[in-house]
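Chains as they are written, first to last, in this note's numbering: chain U, 7 to 152; chain S, 289 to 990; chain L, 402 to 509; chain A, 4 to 614.
Each hint should be verified, as a subset may be incorrect.
List of simulated lysine-lysine pairs, BS3-like, C-alpha gap at most 25 Å [as the list claims (entries may be wrong)]:
| id | chain 1 | residue 1 | chain 2 | residue 2 |
| --- | --- | --- | --- | --- |
| 1 | U | Lys18 | S | Lys623 |
| 2 | U | Lys18 | S | Lys719 |
| 3 | S | Lys417 | A | Lys152 |
| 4 | S | Lys807 | A | Lys154 |
| 5 | A | Lys328 | S | Lys417 |
| 6 | A | Lys154 | L | Lys508 |
| 7 | A | Lys272 | L | Lys508 |
| 8 | A | Lys152 | S | Lys807 |
| 9 | A | Lys272 | A | Lys152 |
| 10 | S | Lys807 | L | Lys410 |
| 11 | S | Lys935 | L | Lys415 |
| 12 | S | Lys984 | A | Lys328 |
| 13 | S | Lys428 | S | Lys935 |
| 14 | S | Lys293 | S | Lys375 |
| 15 | L | Lys410 | S | Lys791 |
| 16 | L | Lys415 | S | Lys946 |
| 17 | A | Lys328 | L | Lys497 |
| 18 | S | Lys786 | L | Lys439 |
| 19 | S | Lys880 | S | Lys973 |
| 20 | L | Lys417 | A | Lys154 |
| 21 | S | Lys946 | L | Lys508 |
| 22 | S | Lys816 | L | Lys477 |
| 23 | S | Lys946 | A | Lys354 |
Label-pair ranges, simulated between beta-carbon atoms [said to hold, decoys possible]:
| id | chain 1 | residue 1 | chain 2 | residue 2 | range |
| --- | --- | --- | --- | --- | --- |
| 24 | S | Ser319 | A | Asp378 | 33 to 39 Å |
| 25 | U | Gly51 | S | Asp637 | 19 to 25 Å |
| 26 | A | Glu76 | S | Glu396 | 55 to 61 Å |
| 27 | L | Val498 | A | Lys513 | 53 to 59 Å |
By construction, these hints were calculated from the structure, which means they are not laboratory data. For every residue, glycine included, the Cβ atom is placed at its ideal position computed from N, Cα and C.
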Amino acid sequence: MDIELIDGKGLKSCYHCGKCTSGCEVNRIDPSFQPHRLLQLMARGALDELIDGDAIWKCTTCFTCTERCPQGIAVTDILWSLRALAFRSCRNSGLLEAQKAALFKTGRLYPVSVLDHKKREKAGLPPLSEDSSLISRIFDAAKAGG
Amino acid sequence: MSDIKIGVFLCTCEGEIEKTIALDVLAQEASGRAGVVSVRKDSSLCSERGISAIREDIDKLGLDRVLIAACSPALKTREFADLGINKYMVERVNFREQCSLCHADNSEHATKKARAMLGMSLEKVRHSKALEPVTVPAVKTALVVGGGVAGINAALDLAAAGAEVFLIEKNPHLGGKVSELHRYYPRLCPPSCGLELMYSKLESNPRIHVLTSSEVESLSGSPGHFSVSIKTTSPGTIKSPEEYQVRTIIAGAVVVATGWEPFDPRPLTEYGYGRLEKVITNLDFEKSAREQGQFLAQQKKTAFIQCVGSRDERHLPYCSDVCCMVSIKQALLLKQANPDNEVIIYYNDIRTPGEYESVYRQARTSGIQFVKGIPSELRQDEQGKISVSVFDLMAGERTEFAADLVVLATGMKASRGTTALKDAIGLATNKENFIESHLQCHPQDSQREGIFTAGCCRAPMDVSRSIESAGAATAKALRYLQGEMAVSPDYPVVDILKCDRCKRCVEECPFKAYSYDDKGFPQVDILKCRACGICMGGCPIGAISLGELSIEQLSGMLDVLDTSYLGEDEPVILGFLCKNDAYRAADDAGLKGIPCPANLISVMVPCSGAVNGMIIAEAISKGVDGVLLAGCADNQCHYLHGSALAKTRLADVSNKLKEMYLEPERLRFASISRDDPEKFAATVKEYAEELKQLGKNPLRIQ
Amino acid sequence: MPVYVVKDKCDGCKGKDEPLCEQICIGDLMTLNSDTGKAYCRSLRDCWDCMSCTKICPKGAIEQRIPYQLGYHGAKLIPMMGTDSITWTCVDIDGKVERFSFRTRNKH
Amino acid sequence: MKKDLPKTITEVEEIRIETDLLIIGGGNSGCFVAIEAKEKNPDVDVTIMEKAHIDRSGALAAGMDAINTYIGEGETPESIVRWSRAQVGGGPLREDLALSNAAILNQCVESLEAWGVPFKKDEKGRYKRRGRFDISIHGEQLKPIIAEKTKSYKPRILNRVAATNLLKDGDRVIGATGFGIRDGKFYVIKAKATIVSTGGAAGLYRSATNDGTTSHHQMWMNPFNVGTGYAIGIRAGAEFTLMEQRWCATRVKDFCGPVDTISVGYKAKMINAKEELILDSPRYSGLGGDTAPRYIRANAPMSEWSEGRGPTFVDTRHLSAGAVKDLKIDYLNERPTYVLFLAARGQDPAKEPLEIYGSDPYIVGGHTASGYWVDGDRMATLAGLFAAGECAGGMPNKFVGGCAAEGVLAARGTLKYISGMDHGKLDENQLAAEKERVFAPLLRGATLEAKYTLPVGQDPRWQYDAVTPEEMEERLQRLMDEYAGGVGQFFKCNEEQLNYALKHIGMMKKQVNKLFATNLHDLVLVHDVVDRLDVAEVVVLHLRERRECRWPGWQTRSDYPEVDPSLDCYINSRKNLKTSEIEMLKRPYQQVLPGDRTKAPSPIPLSAEKA
């Protein structure tokens, strides 16, 4: 049933042109991340390998691959579905755990950089507070509430 | 009716049939039947002796109808073709394949079924009428639309075969896309020489009339004598005597060769065509190569990107067929012009069928790089080079290439000319706007009788295949250019005494063969008609009959069908079998000796769509337990939507049955393909079992 | 006596200007609703229940009804036309089914 | 693609046709006229003007279960005429017409079988008799088969064209006008001879079953036969006879379907509430019992009701299951919905008798003797005008076979008449006036529609005193029922009632110019009611003129309860075109076949004839 969910997105019509990978920003930085390879593994049904691995967490969901796939395969969605599967089967990878920890601590998935502040200033947005105590209190309360 | 003289001929087929069927008993019974003047049994009717015996009886006894109980009517057609009596007065009943052979295990049942079959066929032949072929004019003039390489070749071939040819081209000049090319493949010679040769042949042939800057305005009439009005927007034909300006011509056949158009890659913004001047299409490449002497030598680093727009669900869902060879050709030209030129072809699949493979090989060995992987986008770098970044699927790593030139291998799409023609004469096109044809069996036929396709107006193809298809189209067209042609009288006849002008036949005819006469009655164009009988099947009042199979015959056969010929407890199934598939499958079941219950009696119909709802209703009313319509699968129907319509009509009757508190299961449609006798046998077996469970048709007790 | 057109069965004889029921109706009552492309009876009060339309309808979309003032609901009478025979099924208000099948034309 | 309706008279398109024979009404007899004319002379140009579609039009529309007149073994043309004469209480009856009809009756009936109508046969292969001159058929396809035969001779068939008036050149009829029900055009058909075969007049009276619901047309005769054939003749000054001899029949109650099927076909006797055999009871003794004249058989059950012995039944309880099935098949062949009606009552005739009641009165010259006064060639008193089927008067008990024969005879008459005849001269003024008259209601409707302003829930027409054809039709039917001896009055009427009826018919005729139509169908209804008014007036005048009780039920005068020997004659009427008064006249009876007119010769008992 889970695999259906993914089939729906045209997985099986992939004819391996590699355009997704060619255009993948993540791949430029981390060559081990190869969307076409993920699709191929899926088509082969090697779900576990994917779910246990951390590749699926690396996608920035920029949708370039989906945008340009000649077969109209919703590559990004497929990766998202994989993440959902991983989550459901409680086989969250370390990478996700790290993100979770950061979230609970700072309320953010990644630390705010000077660059970010500059950008916000440009955009006329108020500066972000560095103080995360409030956040952690909220989460604690939430946890306490069950 | 009383004065008819039927001769019944029973073939033992060298004892084969008689092994199972008690022919002597049947012979005796038959001799007692009304209208039967002679019954003869023979060991081999199809033998010369047998045939002459039949002919003898016909003369001696003055038979006006002949019933041959032997092998399948699909077999020995040549032997029984001419018995010295109108062939529509000869009826064949399938004792061998569909009785003795497939019921070898139960000769009692076989004989009972044979008895019923014989009775029905007697009734059928009793109601048969003598028909003669109709001859219609087929003028020796052909029209070719499109002056590209396909059109020119069609024109030349037609003229060579003795036809008067009008070749019309919407542009001021002939030659089409080919005239824009630098080189042909595989031989890499310039197209000009080929074209020049063709032009001169056109010139020198007095039977060919070339009209450039001309388009078809409208087309009416029928194959053999279409009337086509042609609009010539400006003069300037290769040979343009005044009388060829604006005119209506009568043409026996039309060859459509409206060619193709290049796909415009602008929608794929990632490749920046039109924005980055170093990014060109393969057709631009040909132009530059033709026009700029040094172009080929100058390209130091060139990248080709394949499948741009083609095999792309969002643009051209099909493969454009030529792009692989075009890129390989162009790459080779670059290498030949300067061996130092660096060329990479980024591909997805390389498709070089047949001898083209050798060109591909030549390309690889000549140092052209092939990288499996398609760039996702093109960027111009500081030095103005185009940076191509691809993940090389073979190497499993990213590779970068800074190109001076990037050639997009864009594909072919249907031309505006094709669309214009479609609108002008209403020709069926597929969803990609290429002209629709029965690709598999009749690639050259358009959906309209007498109109044929040559070249890329039907599908992308390269020069040599275009020329090939032109030849094929010509051969097909010639049939309509013989001065006159005989049409077999199988076409439907509308009984206007019954017809209520409800127009259903006109609406449902897959070949648009119907039009209205001055009183609003439907009339069929016997040349457009393919005698599928879909109109006969659809007529709400049974006013339409085919030459070879009339409503009266069908209903007559039902009148005499003994609905308990196998006894009270055995269900009787009436099977209407499509003669293209199901009927042949049933024959094969017999030939292969696949046992099959005798509960089904088959009636051969041209298409399951030819079976009228009233006939089905009649069968049920007269106590038949089940009606089986066996036709092709929807997408395989030889008459487009025949079997689909058959299903709707069947559904209408089963709705009625439901209301009448009868089991809709008594009607069934089965798709049985010609090569699946096992499925046929299984279907009959299953259905008979099911009907047994269902019990007698309540109307059978009436 | 009113006729009842079963909307989803009627195909307006392919939505042409004069469906069969309109052609045949002896009272000029059946006609085509050009919006829906389906047939309807323009004046129920004027129907003489000759059943010509019911018989000729290729989709079996027309039923005959008895006004309640005269007969109780639930009864049905359905003709099924062959080329030279007719089969009637009658169902009374208690669900009793009766069938009648006979020839309506002789062949020449 | 229905075309827009004309807004002004000039927008009305005109179609002019010249033909040899114009047949008005393509029913049974009309088709026989066409067939016979073409048979005798294939070159003659025949035009059929039909209000409906000839495939299913006229009295045979729903089918037919029997041919009531066929001269079987042991019978002769004379015997059927004598029987017919006795059936109408000794006449009057045009024996000359009857004899000529009887002479060709059988060949007409037999031709039906030859064309494909299935006839029931007895064990000896003879036509299966259900009564003395009654044979059973499977007539579901009767009309389509007749129509196909007609079409095979390729006459000009104008379906959906309604006749409105006859064209005249002096006293000669030279064709007719009509309007297209589909195309809204004005048709002018010039003909050397014109045959009127539009069937009888139904819907003059209110039907007992008509209770203002969808049962409005719950009646015996095809309600779309409105008597146009009579009306156009009346308006043209033709002479009519016996219009007072109305067909009032015993019908199955609440459905108004035929009863002969049961009483004749299945020997089911009529009984009253007390289960007494009605016709055998002393009250009607000496009237002939089961073979008593039809009007008596029609009247008896109604007097039972009026005298408090209703309800009345035909007793079917002796029928076997098989017989009941056959009975139902007969109905399916003629009035299929009666079988539905029984089902809707959950009624099994073998268990319960079938209730019967009187029908509303009809003017149907194929059954009674009302209609045009014609000569031996079936030519009316106006030259060039012929009558066939129910339109031809003076000869009752024709039914399907007889009406067909009348068609044949009329055809022969016309062929004789037209030889050497020209087309006559059109009176353009008459035409213009007629066109005006025909389309006025439509133009009126157009202007009204434009003015409609009142909110839904109020009838916008009232502010303009506009009348719908339905309203006037219902007014007429109520009036006739109550004051001209309708079933509601047990068929009885008196001088005062009839005068009242005449007065009100007169008032309605004055209001005809308030009738309006907003579509072509309504235009048909308008002219239907206009024609009905003209026929009704003549019927009432005839009823008033016959101051006696000659055929109780068909014609009952409560103020003159006896038979008056001095009225043993034809009562005829003719419109005086100068005064436009209807003038009454009498014509004497001429007996051809000697003997007691009230007695039919008893049938010769047949071998193996146990129906």
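Each hint tested on the structure:
Restraint check: the Cα-Cα separation between U/Lys18 and S/Lys623 comes to about 38 Å, which exceeds 25 Å; the hinted pair is violated. Restraint check: the Cα-Cα separation between U/Lys18 and S/Lys719 comes to about 23 Å, which is no more than 25 Å; the hinted pair holds. In summary, the hint linking S/Lys417 to A/Lys152 is supported, as the alpha carbons are separated by about 21 Å, within the 25 Å threshold. Annotation: proposed proximity of S/Lys807 to A/Lys154 holds, straight-line Cα distance about 13 Å (limit 25 Å).
With a C-alpha separation of about 39 Å, the suggested pair A/Lys328 and S/Lys417 falls outside the 25 Å cut-off, and the hint is violated. Among the hinted pairs, A/Lys154 with L/Lys508 is consistent with the structure: their alpha-carbon atoms are about 18 Å apart, no more than 25 Å. At roughly 38 Å between alpha-carbon atoms, A/Lys272 and L/Lys508 are farther apart than 25 Å, so this suggested pair is violated. Between A/Lys152 and S/Lys807 the CA atoms are separated by roughly 19 Å; this keeps the pair inside 25 Å, and the hint holds.
Annotation: proposed proximity of A/Lys272 to A/Lys152 is violated, straight-line Cα distance about 39 Å (limit 25 Å). With a C-alpha separation of about 29 Å, the suggested pair S/Lys807 and L/Lys410 falls outside the 25 Å cut-off, and the hint is violated. In summary, the hint linking S/Lys935 to L/Lys415 is supported, as the alpha carbons are separated by about 17 Å, within the 25 Å threshold. Using a Cα cut-off of 25 Å, the hinted pair S/Lys984 and A/Lys328 holds, with the two alpha carbons roughly 21 Å apart.
For the proposed pair S/Lys428 and S/Lys935, the alpha carbon gap of about 42 Å is over 25 Å, so the pair is violated. For a cut-off of 25 Å, the pair hint linking S/Lys293 to S/Lys375 stands: about 15 Å separates their Cα positions. A distance of roughly 18 Å separates the Cα atoms of L/Lys410 and S/Lys791; the hinted pair therefore holds under the 25 Å criterion. With a C-alpha separation of about 24 Å, the suggested pair L/Lys415 and S/Lys946 falls inside the 25 Å cut-off, and the hint holds.
At roughly 14 Å between alpha-carbon atoms, A/Lys328 and L/Lys497 fall within 25 Å of each other, so this suggested pair holds. A hinted pair counts as satisfied when its Cα atoms are at most 25 Å apart, and S/Lys786 with L/Lys439 qualifies at roughly 24 Å. Distance check on the hinted pair: S/Lys880 and S/Lys973 sit about 16 Å apart at the alpha-carbon level, within 25 Å; holds. Note on L/Lys417 and A/Lys154: the hinted pairing holds, with a Cα-Cα distance of about 24 Å set against a maximum of 25 Å.
About 30 Å separates the Cα atoms of S/Lys946 and L/Lys508, which puts this hinted pair outside 25 Å; it is violated. Restraint check: the Cα-Cα separation between S/Lys816 and L/Lys477 comes to about 44 Å, which exceeds 25 Å; the hinted pair is violated. Between the alpha carbons of S/Lys946 and A/Lys354 the distance comes to roughly 29 Å, so the proposed pair goes past 25 Å and is violated. In this structure the supplied range 33 to 39 Å is violated for S/Ser319 paired with A/Asp378, their Cβ-Cβ distance being about 59 Å.
For the pair U/Gly51 and S/Asp637, the supplied restraint of 19 to 25 Å holds, since their beta-carbon distance comes to about 24 Å. Taken as a hint, the range 55 to 61 Å is violated for the pair A/Glu76 and S/Glu396, whose Cβ atoms sit roughly 47 Å apart. At about 56 Å, the beta-carbon gap between L/Val498 and A/Lys513 stays in the expected band of 53 to 59 Å.
Figure legend: structure checked against the earlier numbered hints; hints not met, in rising order: 1, 5, 7, 9, 10, 13, 21, 22, 23, 24 and 26.
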